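Given chain A's structure and the hints, the job is docking chains B, C and D with the ligands onto it.
If you want the building blocks of each chain, they are given just below.
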Amino acid sequence: MALDVAALRAQFPLLARTVHGRRLVYLDSAATAQKPLAVLDAMDRYYRETNANVHRGVYTLAEEATAAFEAGRARTARFIGAADPHELVFTRNATEAINLVARTWGAANLGSGDVVVLTEMEHHANIVPWQMLAAERGIEIRWVPIDGSYRLDLTDLDTLLDGARLFSFTAMSNVLGTTNDVPALAAAARRAGAAVLVDACQSVAHEPTDVSGWDADFVAFSGHKMVGPTGIGGLWGRREVLEAMPPFLGGGEMIRDVRKEGFTTNDVPWKFEAGTPAIAEAVGLGAAVEWLDGVGMAEIAAHEARLTEYALGALADRFGDGITIYGPATAEGRGSAISFLFRDIHAHDISQVLDEDAVCVRAGHHCAKPLMRVLGVPATTRASLAMFNDTDDVDALVAALAKAQAFFAL
Amino acid sequence: MALDVAALRAQFPLLARTVHGRRLVYLDSAATAQKPLAVLDAMDRYYRETNANVHRGVYTLAEEATAAFEAGRARTARFIGAADPHELVFTRNATEAINLVARTWGAANLGSGDVVVLTEMEHHANIVPWQMLAAERGIEIRWVPIDGSYRLDLTDLDTLLDGARLFSFTAMSNVLGTTNDVPALAAAARRAGAAVLVDACQSVAHEPTDVSGWDADFVAFSGHKMVGPTGIGGLWGRREVLEAMPPFLGGGEMIRDVRKEGFTTNDVPWKFEAGTPAIAEAVGLGAAVEWLDGVGMAEIAAHEARLTEYALGALADRFGDGITIYGPATAEGRGSAISFLFRDIHAHDISQVLDEDAVCVRAGHHCAKPLMRVLGVPATTRASLAMFNDTDDVDALVAALAKAQAFFAL
Amino acid sequence: MPGLEDLYREIILDHYRAPRNRGELPAPPATRVEGFNPLCGDEVVLYLEVGPDGTVTDVRTAGQGCSISQASTSMMSAAIKGRSVDEARRLIRAFKALMSIHESKLEGGDATAATEEALEGVRLGDLEALQGVVKFPVRIKCATLAWNTLAQGLDEATGA
Amino acid sequence: MPGLEDLYREIILDHYRAPRNRGELPAPPATRVEGFNPLCGDEVVLYLEVGPDGTVTDVRTAGQGCSISQASTSMMSAAIKGRSVDEARRLIRAFKALMSIHESKLEGGDATAATEEALEGVRLGDLEALQGVVKFPVRIKCATLAWNTLAQGLDEATGA
Ligand SMILES: Cc1ncc(COP(=O)(O)O)c(C=O)c1O
Ligand SMILES: Cc1ncc(COP(=O)(O)O)c(C=O)c1O
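Protein chains in written order, with our numbering: chain A, 1 to 410; chain B, 1001 to 1410; chain C, 2001 to 2160; chain D, 3001 to 3160.
To be clear, the hints were calculated from the coordinates, so they are not data collected in a lab.
Quick caveat: nothing in here was measured; it's all calculated off a predicted structure.
Misleading hints may appear alongside valid ones.
[Claimed, not checked] Dumping the calculated DSSO-like pairs for lysine-lysine here, alpha-carbon to alpha-carbon at most 30 Å:
1) D/LYS3135 - D/LYS3096
2) B/LYS1403 - C/LYS2135
3) D/LYS3081 - D/LYS3096
4) C/LYS2096 - C/LYS2081
5) D/LYS3081 - D/LYS3135
6) D/LYS3135 - A/LYS403
[Stated by the list, open to error] Non-contacting residues of chain B with respect to chain C, defined by C-beta distances greater than 12 Å in every case (computed):
7) LEU1014
8) ALA1107
9) GLU1120
10) PRO1145
11) GLY1148
12) ASP1162
13) ALA1187
14) ARG1191
15) GLU1207
16) GLU1243
17) ASP1257
18) GLU1261
19) ASP1267
20) GLY1322
21) ALA1331
[Stated by the list, open to error] Facing chain A, from chain C, some residues (calculated, C-beta under 8 Å):
22) PHE2036
23) PRO2038
24) LEU2039
25) PRO2137
26) VAL2138
Each residue gets a CB set at the ideal place from its N, CA and C atoms; glycine is no exception.
Extracted from the complex, chain A is given alone in its bound form:
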């Protein structure tokens, strides 16, 4: 069933605003998503009616706050297909989720010479934590290359995985749009005896997620990219893996007992949640996934695929060789992030000119500098689509690009 895009748009207050007197054309959902009213209302209501610290108070308000917070966890866990809500640790964002794994599982399992395999299409969030371990502990990082069609080149995968302790890869590239075959990559890692971390930051807002079907050990994601609030993200982990891990940050909530001589840790997931958590944000994230499920992730994926197909066609038709798209050429096996070089115009300048028409696109390295170096470009322009975008938005992009071409007289 096709989405009623107009009805969806109406639920996003921000889309009603104008920039330079023009209707906003938001094509930067891969950077952060806009929020439907249901999410804003859930958080506002939490603060107006329920706010109290969680897990600590006996009084009614505290009990309600705890229930609301944990319901946000359970709802989110269900959304990603987790069997058990206690396998979901709340973090600030996907970045913290991956760092948590590096600092706890990594500290317990990775030593000098141990190998972590990444791919060339990773976001800095899934590179720098491992480089920090490389500098501190001498682990080795190996890179799965990309091929000419902007997909992972799996030719030497088994060799790369040979002897590896961890394979950490993105489910969907935030630059190329490429989706990776998570179960197949996880299976290859398993054969090599490596643990598996999936960076689902992009995929989770754009297609159905079922962590139970992935055979991964860890899955990381951010609330703000899935129509949820800033300040919250998640790390899903297999229960026995989480239980075996040392704690991350120390403080209240994560302890069982503290004496002057030392402390013992709480059960998972609270063991990894030191201090007062992002309570209103957990409530907001719960509302966000509720909203996404209401629209239907399969329907969202289908709508975005159609629109991506339309956009790829429209850009090629209008600009031909003038545009170079860095990513799969059809909507098959890719998400809706479309990165490109346009003429010789630098991405910043394009984005600046597009802004005159209220067309919001990202320009830069998209926190994937190693990938940019592989691609041989300093920066790209990226348009990324969401469930509320339509062909008008794509047409506005094409028209604004034509203006940029004229402006720079190239």
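Structure of chains B, C and D with the ligands alone, referenced to chain A:
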């Protein structure tokens, strides 16, 4: 000038709610504060009008979002008396702020046998991170004891500080209410050559804060305790100290450049803020400190001192020896957190009975188990006051305690 | 709306005021085990003596906590003394099932058919007085602390 | 509302399309220094030759970036070539002062009187075309990148 408490109350939507049909008497502000409308509106407006990812986009919306986020930082920095907004690092909460210091400054400066001095009245947030370093690196922890009037016993302070690398202490105890003389303690640490971390989590919402006058290296606090949102806190650090520290978490935003071979770090404070930050929360925190300054921190402190005096008197008058207050007996040199044992009734049972009258108090160890062991009690009941409380609230507490006494027939 | 009388039944207050089986046993031969509620600080210490025939021949309890955790500890000690380890384990399952429907609600889990099953055919007796606790989800952990600690103690005592 | 013509003055586009002093110098003897804009990925590489009398005798630039960072680099290279290191430093201060009022607004700082002072008595010439950038706060870092890199390069070249 006395506060117009009724007018203040009217600004807190949650205070209008009832529990069990009764007017809410919120006496748990030390756990988390309620939020005035101005804060909720600022966040809601951010999401409705400005939301975009920060520091990355060229388009108008992204520029506005970045300006709003950094304005939240600047406003908060001004509130705590920081000379430079870039000395303020956003964290999730005070707990993360202290862990950040332990993991970065600590990693660079603390090795086997190095001494960190804490006090017996610390919150777990300022204990466990150091115990983790003790377990990993063999640092030694020393404890400044408390005396019979529930204040720090400074008799042996110089001996305890002798050879110490860091003195980390709370500005105000969340259990005893005791305020510590921060400049004096910092000066003693300086004489011994130790760095200084101040846990200002409680004090910052209850009295004026001027970090520049403290001669500290680090100051930690949480947004949710100062009428701000959950999901955000702050670490203030002296610029040259922050600059010398290695990074904390790795990912986007905190880098200058990333190559396959390694990365270089961004300037402070962004160097310590990996990934998409808590943007709406920074906006909300800015609105919170704006609101606090509007009311006036000196006026808030004076109001709370008067009310604390009233409460201490009312409890003693009504219950005499039946109540034992763990904390300074007068409002002099203390905040508004009042912890007590009442008859032989366990704190949980008191809180439960008080809840029937919609009186919200905390029961338990208040994340200060080492202190509880020093006090020789498993748990206390804690009532804590804020700017919107009045004598009616205190009277409601006294009346509800009398009911509890009757209920348990003790 | 649940009232205080749902929580504080007379029999609970009785066990709270006059706890059964308070004290210690020399360990070894007895098994000593501690339980903590990390969020409120309640502590339970159990001493278990299990005979060669698998009977819980003696129980003693120590520790500190609220009326609910103390009463639950006391009632638990009375309920298992003289029973076989298997019966005690069945009782643990049944008691936790009684509590779990609501506990899992608080923590976002789902109540399952397994819960109903665990309750079938087990006579809880006085312990049913604790059922009122489920209306106060935060207090459920107070009631279950002794039982979780017992489970651990039985495992240790029987080398499971 | 600032328009595109405020940002993209003709002289800027000219420097962008035909950058001056592109190339490399053997280093050493020249000083080679790199600058990055961590947020957008722009890179500037400068080669500086400073004579014994403290004159910037030659400059070459490499790297990649947007029109603003490239034009600013080109204009900077033209402005400092043949000037003394002291004059170049004064120019850096003046240029950054021109930008800082608005940059500090974006980052929450305060514009100060020191800014006005730094601008006094310095002739920016063509560089003033870059003033339009201050109306686009995000782009200020594009304009200042070359200058920050120059400051670092001069320090290295003079052993400061
Ligand atoms: C003195 C003190 N320090 C630290 C904390 C930890 O604050 P948070 O849980 O917001 O990290 C608290 C809050 O309970 C506190 O009262
Ligand atoms: C693939 C991918 N991984 C990780 C991240 C990091 O997310 P966050 O900044 O929310 O931590 C992003 C977001 O930019 C992303 O696209």
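Status of the hints after comparison with the structure:
With a C-alpha separation of about 15 Å, the suggested pairing of D/LYS3135 with D/LYS3096 holds against the 30 Å cut-off. Annotation: proposed proximity of B/LYS1403 to C/LYS2135 holds, straight-line Cα distance about 21 Å (limit 30 Å). Under the criterion of a C-alpha separation no larger than 30 Å, the hint pairing D/LYS3081 with D/LYS3096 is consistent with the structure, at around 18 Å. Restraint check for C/LYS2096 and C/LYS2081: the C-alpha separation of about 18 Å stays at or below 30 Å, so the hint holds.
For the suggested pair D/LYS3081 and D/LYS3135, the alpha carbons sit about 28 Å apart, so the restraint of at most 30 Å is met. A C-alpha spacing of about 21 Å is found between D/LYS3135 and A/LYS403, which places the hinted pair at or below 30 Å, so the restraint holds. Separation of B/LEU1014 from chain C is adequate, the least Cβ-Cβ distance of about 19 Å exceeding the 12 Å criterion. The claim that B/ALA1107 lies off the interface holds: its Cβ sits roughly 27 Å from the closest Cβ of chain C, which is beyond the 12 Å cut-off.
Distance check for B/GLU1120 against chain C: the nearest CB is about 16 Å away, which clears 12 Å, and the non-interface claim stands. With a least beta-carbon separation of about 21 Å from chain C, B/PRO1145 lies farther than 12 Å from that chain, consistent with its non-interface assignment. Distance check for B/GLY1148 against chain C: the nearest CB is about 23 Å away, which clears 12 Å, and the non-interface claim stands. No beta-carbon of chain C comes within 12 Å of the beta-carbon of B/ASP1162; the shortest separation is about 34 Å.
Look at B/ALA1187: its CB is around 35 Å from the nearest CB on chain C, clear of 12 Å, so calling it non-interface holds up. With a least beta-carbon separation of about 37 Å from chain C, B/ARG1191 lies farther than 12 Å from that chain, consistent with its non-interface assignment. Distance to chain C confirms B/GLU1207 as a non-interface residue, since its nearest Cβ pair spans about 29 Å, more than 12 Å. Every beta carbon of chain C lies more than 12 Å from that of B/GLU1243, the smallest distance being close to 38 Å; the non-interface claim holds.
The beta carbon of B/ASP1257 sits about 42 Å from the closest Cβ of chain C, which is more than 12 Å, so the claim that it is off the interface holds. The claim that B/GLU1261 lies off the interface holds: its Cβ sits roughly 43 Å from the closest Cβ of chain C, which is beyond the 12 Å cut-off. At roughly 39 Å from the closest C-beta of chain C, the C-beta of B/ASP1267 stays outside 12 Å, upholding its exclusion from the interface. Distance to chain C confirms B/GLY1322 as a non-interface residue, since its nearest Cβ pair spans about 18 Å, more than 12 Å.
Against chain C, the non-interface label of B/ALA1331 holds: every CB pair exceeds 12 Å, the least being about 27 Å. Hint status for C/PHE2036: holds, given a least beta-carbon distance of 5 Å to chain A, under 8 Å. For C/PRO2038, the interface hint holds, since its Cβ comes within 8 Å of a Cβ in chain A; the closest pair sits about 4 Å apart. Hint on C/LEU2039 holds. Least Cβ distance to chain A is approximately 5 Å, under the 8 Å limit.
Against a cut-off of 8 Å between C-beta atoms, the interface hint on C/PRO2137 holds, since the closest Cβ of chain A lies about 6 Å away. A hinted interface residue such as C/VAL2138 counts as satisfied when its beta carbon comes closer than 8 Å to some beta carbon of chain A; here the least separation is about 5 Å, so the hint holds.
When the structure is compared with the earlier hints, no violation turns up for any of them.
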